[in-house]
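Going down the list, the protein sequences come from chains L and B. So in the numbering used here, spot 38 of the first sequence is number 38, and the numbers just go up one at a time. So in the numbering used here, spot 107 of the second sequence is number 1107, and the numbers just go up one at a time.
Please note that the accuracy of each hint is not assured.
What the hints assert, rightly or not - Not everything, but these chain L residues come out facing chain B in the computed CB check (under 7 Å):
1) Glu13
2) Cys16
3) Leu21
4) Met63
5) Pro67
As the list claims (entries may be wrong) - Simulated pairs of lysine to any residue, SDA-like, Cα-Cα distance not exceeding 20 Å:
6) B/Lys1035 with B/Thr1048
7) L/Lys41 with B/Thr1126
8) L/Lys55 with B/Gly1041
9) L/Lys41 with B/Asp1082
Unchecked claim - Just so you have them, the derived chain L footprint on chain B, three or more residues with Cβ under 8 Å:
10) 1050 to 1060
11) 1098 to 1104
No wet-lab data here; the hints were simulated from the structure. A quick note: this is a predicted structure, and the numbers were derived from the prediction, not measured. For glycine and all other residues, C-beta sits at the position ideal for the given N, C-alpha and C.
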Amino acid sequence: MTHAPEVVLDCREDACPIPVLRTKEALQKLPPGRTLEVMTKDPMATVDIPAVVHKAGATLVSMKEDPDTETATFLIRRDVSPGSGPQASR
Amino acid sequence: MQETPQELAARAILPALRGLVARELVRDHKLTHQKVADLLGLSRPAVTLYARGQRGRAIELRRRADVLMMVQDMAGGLARGDLDARGLMGKLDAAATYVLRKGYACELHGQIDPELRGSGCDLCMTATLPCNYFHPWRSDPHEVAR
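Sequences are here, hints too, so could you generate the full structure?
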């Protein structure tokens, strides 16, 4: 099954903690059922973004790391379920 | 006069960040000065000065969108009650380090110590600790794994 992201967040120029804060903000605005792709070169994002996704009640569909470009790409889905709306991440 | 990055952070950056968090809590979250004082561990008159922009003005950070994102995150956490005093200290410290590492304090540092101007100084980018803004999560691997 292919997951084409509806929202793409390019954080490759951002330093920690901005990629995680931008992800958190984007997740709060993401409607249920939609997906978000986040690209970052922040090495700590591989720890922090899964945590913020979990805390927001969303699902981390995939995480890929490209050693050539030192970029991590996260595909995140806001689930369609009670309590999974934007308010749930607050 | 010589001043280390940590001295610069203590004297100028941390007061500026506290001021921005105080202003955010007063203006956007509509908290009283006394409530903000309790949350930030400050006196009420100090919060009043911060809210008016009369304290924490040694460095201008209000136009830095990335810094404001951290300020809003901290203020939101305090207003919702999911950020405690210890957590705030960690985030303020990490935000100050971020400001140093981004070079936002270089101009002020050059005013304090004119010998730094044009010297190619990169002390703040190389000698400060890496970002630890989300330290509470990292210190709890079970929380990350859940």
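Query raised in the report: Which of the numbered hints above does this structure break?
Result: 1, 4, 5, 8, 9 and 10
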